[in-house]
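2 protein chains.
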Amino acid sequence: MHHTLDDVITRSTELLRAKDLAGMSQLVADLPPADAARILERTDSAERAVLYRLLPKDRALDVFEQFDASVRSELVNALRDDDVVTLFAELDPDDRVELVDELPSNVAHRLMQGLSRTERELTAPMLGYAKGSVGRRMSPEYVRVHPTTTADQALAQVRAIGAGAESVYLLPITDDSRRLVGVATLADVATADPTTVVDNLSTSRPVVTADVSAEEAARSCLDHRSPAVVVVDSENRLIGILTIDQASRILEDAEDEDAARAGGTEPLRRPYLATPVLSIVRSRVVWLLVLALSAILTVQVLEIFEHALAAVVTLALFIPLLTGTGGNTGSQAATTVTRALAVGDVRPRDIGAVLFREIRVGATMGAMRGTLGFVIAGLVYDWHLGLVIGSTLLAICTLAATVGGAMPLLAKKIGVDPAVFSTPFISTFCDATGLIVYFAIAKLVLGV
Amino acid sequence: MHHTLDDVITRSTELLRAKDLAGMSQLVADLPPADAARILERTDSAERAVLYRLLPKDRALDVFEQFDASVRSELVNALRDDDVVTLFAELDPDDRVELVDELPSNVAHRLMQGLSRTERELTAPMLGYAKGSVGRRMSPEYVRVHPTTTADQALAQVRAIGAGAESVYLLPITDDSRRLVGVATLADVATADPTTVVDNLSTSRPVVTADVSAEEAARSCLDHRSPAVVVVDSENRLIGILTIDQASRILEDAEDEDAARAGGTEPLRRPYLATPVLSIVRSRVVWLLVLALSAILTVQVLEIFEHALAAVVTLALFIPLLTGTGGNTGSQAATTVTRALAVGDVRPRDIGAVLFREIRVGATMGAMRGTLGFVIAGLVYDWHLGLVIGSTLLAICTLAATVGGAMPLLAKKIGVDPAVFSTPFISTFCDATGLIVYFAIAKLVLGV
Chain A
3 MHHTLDDVIT RSTELLRAKD LAGMSQLVAD LPPADAARIL ERTDSAERAV
53 LYRLLPKDRA LDVFEQFDAS VRSELVNALR DDDVVTLFAE LDPDDRVELV
103 DELPSNVAHR LMQGLSRTER ELTAPMLGYA KGSVGRRMSP EYVRVHPTTT
153 ADQALAQVRA IGAGAESVYL LPITDDSRRL VGVATLADVA TADPTTVVDN
203 LSTSRPVVTA DVSAEEAARS CLDHRSPAVV VVDSENRLIG ILTIDQASRI
253 LEDAEDEDAA RAGGTEPLRR PYLATPVLSI VRSRVVWLLV LALSAILTVQ
303 VLEIFEHALA AVVTLALFIP LLTGTGGNTG SQAATTVTRA LAVGDVRPRD
353 IGAVLFREIR VGATMGAMRG TLGFVIAGLV YDWHLGLVIG STLLAICTLA
403 ATVGGAMPLL AKKIGVDPAV FSTPFISTFC DATGLIVYFA IAKLVLGV
Chain B
3 MHHTLDDVIT RSTELLRAKD LAGMSQLVAD LPPADAARIL ERTDSAERAV
53 LYRLLPKDRA LDVFEQFDAS VRSELVNALR DDDVVTLFAE LDPDDRVELV
103 DELPSNVAHR LMQGLSRTER ELTAPMLGYA KGSVGRRMSP EYVRVHPTTT
153 ADQALAQVRA IGAGAESVYL LPITDDSRRL VGVATLADVA TADPTTVVDN
203 LSTSRPVVTA DVSAEEAARS CLDHRSPAVV VVDSENRLIG ILTIDQASRI
253 LEDAEDEDAA RAGGTEPLRR PYLATPVLSI VRSRVVWLLV LALSAILTVQ
303 VLEIFEHALA AVVTLALFIP LLTGTGGNTG SQAATTVTRA LAVGDVRPRD
353 IGAVLFREIR VGATMGAMRG TLGFVIAGLV YDWHLGLVIG STLLAICTLA
403 ATVGGAMPLL AKKIGVDPAV FSTPFISTFC DATGLIVYFA IAKLVLGV
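These protein sequence lines map, in sequence, to chains A and B.
Residues in the first sequence are numbered consecutively from 3, following my numbering.
Residues in the second sequence are numbered consecutively from 3, following my numbering.
By construction, these hints were calculated from the structure, which means they are not laboratory data.
Warning: the hint list may mix true and false statements.
Given that identical chains are not distinguished, each listed pair holds provided it fits within a single copy or across any two copies.
Pairs of lysine to any residue residues, derived as SDA-like cross-links and limited to a Cα-Cα distance of at most 25 angstroms, are as follows [claimed, not checked]:
1. Lys59 / Asp46
2. Lys59 / Pro149
3. Lys445 / Ala31
4. Lys445 / Gln302
5. Lys415 / Arg13
6. Lys133 / Glu76
7. Lys133 / Pro106
8. Lys415 / Leu275
9. Lys414 / Glu254
10. Lys445 / Ile298
11. Lys133 / Ser47
12. Lys414 / Asp258
13. Lys415 / His111
14. Lys415 / Val439
15. Lys21 / Asp419
The model shown is predicted, which means the values in this text are computed figures rather than measured ones.
Only chain A is shown next, with the shape it has when bound in the complex (with noise of 0.2 angstroms):
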């Protein structure tokens, strides 16, 4: 039963090398689902699709749903047309609406066309809600009890059309016009007296309207720790549920994006070793731009003060040690706000008692860092040098935690993602402003 990843990842690899399609197919089609996806990712295309179609039909399907999105659109393309229309009637509403989302519209536009009844009518009205809402990857399938039922009647419920619904751990409630009266667990259900009428074992559990974003609903439903989030219309019908899996691949990819995003990079939708050297540059590139403004922001900042340089040039000493501390400790404090915007501890707002904060740290920080190079510069050259580099030591600290820790919010207030005001946006704001700092306590203290 156990068998470990890795000696599988290197085993395949050997497989590859040997362009043993044969012996990496039955490998394959022995794993777990996941286990297989990730397997199959690390390949490049053509063999992917290869690989695929020689797995088992009954895992295939369980296996495509475990790839990430930019992996599942790759192989439909790469897939025979009528094996494409099959997959697309098997997979679930939600995982269907997502490749919708990857694929050209009139791709989609033909496999919408060749579903079912059922499965379309299924399908359609979630492809209805905004990108980025719970609407678009919920799934509408479910097992609802009227709330008169008992333990044991909604047991015999879930058995006669449990195997359709995409979870039954959580069972909405509703009364005779679908409208959501109450919540039970299929634990609760299930270890009750079985004659207990379920409208007694309702529990309060996350509800959120369609419209409200998914990764909303997905940190509901892991802050309650609940099976499920039920979705609703703004009439309080029941339309939906989002599982707890469903709920922690959306905060997943979330936190992908964070975390990219803060290292000033587009997240790459893709394991790393299967993404084309060209598109792992494009999702660096972005940043060329602020790149080349903060390019021309130093050094026009120090081309006025090239006079001062000149004259001193120990100054230049300096700068690389002055420009990094005031970026470090902006992403210092633009990371923990991020973060605790995220996980909803703080609100935007909540800035006036963030930027009340942010100022005592930085300027705590600054009179430490500052006290230091004071008695470093001091000693070692002389005390007025010492002098400069301690107080911008000071003034850069404060400011760039205050602007570091101010930026998550504003961006949230207009509506923009906080992890995009990213560590390369914070640095450039703070290089060109601590210089601008520096050189006039320099001029001040120095007289230059």
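Following the hints, put chain B in place on chain A, whose structure we already have.
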């Protein structure tokens, strides 16, 4: 059923400002546990203890389980001794172990002694596993079934023991000597024909040994979209399960840590607004030493080239641009590779493939930026300087991407958290080496 947490937070802020603890306690009592915990986490430690004791008895425990780890230990310190003893006895074993990890060892020891024998026997073995292993975070309460049990009998067993088990969504199947022979999901059992034997319902689900890291086990649970992972000892004997909501909490904490480290801070381990300013300073000041090293390195490197700087002051203008580009390129590569490592897309032994990729990515970006730098510096200043800037950009980008991509893998190989080699570390390295490359090229081209 709907209420927006945002409104509740605003209302609670007003109540706290008016020191209306009675109003606050009423507000909190009606909220779902996760939201109540969120509100209480925003209050100060003394208010929180009072409000917590005012909670209805049956809800207090649910709220406690939703607190962040450090808030829990703070609360335990603020509660009366007998309250703590009762609370400790009521906690689930995994929450109990988490609390023990936060408390001073004499307090933890006394609390463990106060447990009933049954509860102590459930908890004590978990404390024997290493910190960070799944053995310490799993739940030792579950419903296990015999291979010959029918679906109907299994449901009856769930009903009989269910209330005490942490999760009944996954039922481990064991033989007479408690060895794991399979796993069935509650969904499969509930939807199966009542007479089906559970052995026939057994599906492939992730299994880990107790010494595996909690993070790895949690990721395996979510990757396989399983309601839980089964934990066994080295002889394949069942000892616990890790449920998907425990798993997602573990991953959430790990993401927190990674996001914080990537930004050059330590994770706060409690909500931002509830963290004292000095704790925030402490979480960021860990990098003070790295920055001091950076200071010494960059200042020293520039001192070596002070003569060249004095001869051509214009060279100083480009220092922030060049070190900034190096730092950004390096942290982009590190971010991508760290993330790929975390989700299992690359392994330390893939270092060859990663280096080959990053050299090409770095060289491509370096060629683009270098050309731009060559043209702009050439037009504005002169073509010799353009050549220096252009080729330095090419060299720095290639170097930074390669080093940034390799560092997380090397860290993992020597058993260090890859996220430790974060922005501050890589910028320090890139700053110093970038400057050496810059002046070496300048000497060669300009002959200074």
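Now for the hints, and whether the structure bears them out:
no., hint, verdict
1, Lys59 / Asp46, "within (22 angstroms within a copy, 58 angstroms between copies)"
2, Lys59 / Pro149, "neither (40 angstroms within a copy, 28 angstroms between copies)"
3, Lys445 / Ala31, "neither (72 angstroms within a copy, 60 angstroms between copies)"
4, Lys445 / Gln302, "both (18 angstroms within a copy, 24 angstroms between copies)"
5, Lys415 / Arg13, "between (50 angstroms within a copy, 20 angstroms between copies)"
6, Lys133 / Glu76, "within (20 angstroms within a copy, 42 angstroms between copies)"
7, Lys133 / Pro106, "within (15 angstroms within a copy, 49 angstroms between copies)"
8, Lys415 / Leu275, "between (37 angstroms within a copy, 18 angstroms between copies)"
9, Lys414 / Glu254, "both (20 angstroms within a copy, 21 angstroms between copies)"
10, Lys445 / Ile298, "both (23 angstroms within a copy, 24 angstroms between copies)"
11, Lys133 / Ser47, "neither (27 angstroms within a copy, 41 angstroms between copies)"
12, Lys414 / Asp258, "both (18 angstroms within a copy, 20 angstroms between copies)"
13, Lys415 / His111, "neither (36 angstroms within a copy, 48 angstroms between copies)"
14, Lys415 / Val439, "neither (29 angstroms within a copy, 42 angstroms between copies)"
15, Lys21 / Asp419, "neither (44 angstroms within a copy, 36 angstroms between copies)"
Comparing the model with each earlier hint shows violations of hints 2, 3, 11, 13, 14, 15; every other hint is respected.
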